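Take these sequences, add in the hints, and give me the full structure.
Sequence order for the protein chains is A and B. Numbered by my numbering, the letters in the first sequence go through residues 1 to 252 in order. Numbered by my numbering, the letters in the second sequence go through residues 1001 to 1190 in order.
Simulated from the structure, these hints should not be mistaken for lab results. Quantities reported herein were computed from a predicted structural model and do not represent experimental measurements. Cβ atoms here follow ideal geometry from the backbone N, Cα and C, with glycine treated the same way. Treat the hints with care, as some may be off.
Label-pair restraints from in silico Cβ distances [unchecked claim]: (1) Arg186/A <-> Ala1073/B: 53 to 61 angstroms; (2) Ala1070/B <-> Phe138/A: 25 to 33 angstroms; (3) His33/A <-> Pro1063/B: 54 to 62 angstroms; (4) Ala160/A <-> Ala1083/B: 54 to 62 angstroms; (5) Met1031/B <-> Val157/A: 36 to 44 angstroms; (6) Thr1077/B <-> Leu26/A: 49 to 57 angstroms; (7) Ala1073/B <-> Val178/A: 40 to 48 angstroms; (8) Ile174/A <-> Ala1083/B: 55 to 63 angstroms; (9) Arg165/A <-> Thr1077/B: 28 to 36 angstroms; (10) Thr1077/B <-> Ile37/A: 47 to 55 angstroms; (11) Ala1073/B <-> Leu49/A: 26 to 34 angstroms; (12) Leu49/A <-> Met1031/B: 27 to 35 angstroms; (13) Val141/A <-> Val1048/B: 17 to 25 angstroms; (14) Val1048/B <-> Arg186/A: 23 to 31 angstroms.
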Amino acid sequence: MATEAAHGEGSSLVFHPMDQFMVTPLFGDGPVHWYTITNVTLWMAITVLGVLALLVLTTSKRATVPTRGQSMAELSYGFIYKMIEDVTGKDGLKYFPYVMTLFMFIVFSNMLGLLPLSFTTTSHIAVTAVLALLVFGFVTVLGFVKHGTHFLGLFWVTAAPLPLRPVLAVIELISYFVRPVSHSIRLAGNMMAGHAVIKVFAGFAAIAAVSPVSVIAITAMYGLEVMVAFIQAYVFTILTCVYLKDALHPAH
Amino acid sequence: MATETHTAEGQGLADAIGVSGDHAGASAAGMPQLDLSHFPNQIFWLLVTLVVIYLVLSRIALPRIGAVLAERAGTITNDIAAAEDLKQKAVEAEDAYNKALADARAEANRIVAETKASIQADLDEAIAKADAEIAAKAAESEKAIADIRAGAVESVQIVAKDTAAAIVSALGFEPKAEQIDGAVDSRVKG
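Have a look at this one:
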């Protein structure tokens, strides 16, 4: 019945901008259990393969004079390495593999999501929330382990006049707990919005009169989305570094 | 209808998909992102993915890339040091070459001067020897000339005496030897 309805509408304007985000089992039609192999599994596996291809396959020769692929691997390495060093200082480099894992996962998911007919794992709040909560939990635990109760100095702004400090403490506390929310929604929202907008433009392409405009708009949006895909991965990673810095050096 | 099933419980979506087999059923469901029934699945696979990526990066990729970068930095440093070394050696070699050249030139000058001196000495010696010989020859010749001159004077006296005696006798006088000798001697000396 639903199928017929969709086909019936097919001749006129039909938008299904959110269908691309649906989680579906890869084999059969059964319910989605936590272990079910779904399109999420497929695209995450492709992400892993992409990371492997970029960082492991290209560097297998360990050439002193790098090939193109190895150059890219080294650039990615240097990019994140320098980011951590710049933001957190030398003592943050211990956590380089964690940050690199996050960055590589997000950037590959974002980019792979731009392939036609693909599934964007980072457009799901479930995924980005877990990523953000991992960072939040890790950073909070690290702060208390490293500095004990001194970590709470993060909320007690000694630079401010004494009467203002309790007020600032409340604000700081709220902003601290909002971090994972903004951290995750920023990424998922950006990914979802761009993909949905492209889909909406694609819907317009069915009308002959506006299809050239629609195609041009899709192209432009796609270019923008490539940029957003990278920038959001970058933003997520650099915010992770900033939070890490707060945990390592809680003093303002 | 599909919508209600779908939002009511997670299982509903699968059914909807199963029924429709394409987009129609779920498109009405709003954001698939908010379907809590799919969260465990996504979270599980996300954690698996992250663990796999983390293990691969921390065990293989990052140490390898780090080693390659360190090795390259080392190679570059070594090469620059080697280049500096070679440059220094080249400068030294040039210095040595210039020094050798200067030495050779000085040696050549010394040899030239020495040779010139020895030739000059030989020459002086030869000239002195020649002078001495010439002087000896000249003295000998002078002596011979003196002898010859003395001989000639004597001969002249003898001839003069003989001639004088002959003349005297030709004139019919008895030549007296003492008188003739005295007259000739005085004439010759005079």
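We went through each hint and held it up to the structure:
1. Arg186/A <-> Ala1073/B: 53 to 61 angstroms: violated (36 angstroms)
2. Ala1070/B <-> Phe138/A: 25 to 33 angstroms: holds (28 angstroms)
3. His33/A <-> Pro1063/B: 54 to 62 angstroms: The hinted range 54 to 62 angstroms is violated for His33/A and Pro1063/B, with Cβ atoms some 37 angstroms apart.
4. Ala160/A <-> Ala1083/B: 54 to 62 angstroms: Roughly 57 angstroms apart at Cβ, these two residues keep to the hinted range, so it holds.
5. Met1031/B <-> Val157/A: 36 to 44 angstroms: Once the Cβ atoms are compared, 38 angstroms apart, the range 36 to 44 angstroms for Val157/A and Met1031/B holds.
6. Thr1077/B <-> Leu26/A: 49 to 57 angstroms: holds (52 angstroms)
7. Ala1073/B <-> Val178/A: 40 to 48 angstroms: holds (42 angstroms)
8. Ile174/A <-> Ala1083/B: 55 to 63 angstroms: Because 59 angstroms falls inside the window, the suggested range holds.
9. Arg165/A <-> Thr1077/B: 28 to 36 angstroms: At 51 angstroms between Cβs, range violated.
10. Thr1077/B <-> Ile37/A: 47 to 55 angstroms: holds (50 angstroms)
11. Ala1073/B <-> Leu49/A: 26 to 34 angstroms: The hinted range 26 to 34 angstroms holds for Ala1073/B and Leu49/A, with Cβ atoms some 30 angstroms apart.
12. Leu49/A <-> Met1031/B: 27 to 35 angstroms: This hint holds: roughly 28 angstroms between Cβ atoms.
13. Val141/A <-> Val1048/B: 17 to 25 angstroms: Given range 17 to 25 angstroms: holds, Cβ gap about 22 angstroms.
14. Val1048/B <-> Arg186/A: 23 to 31 angstroms: holds (24 angstroms)
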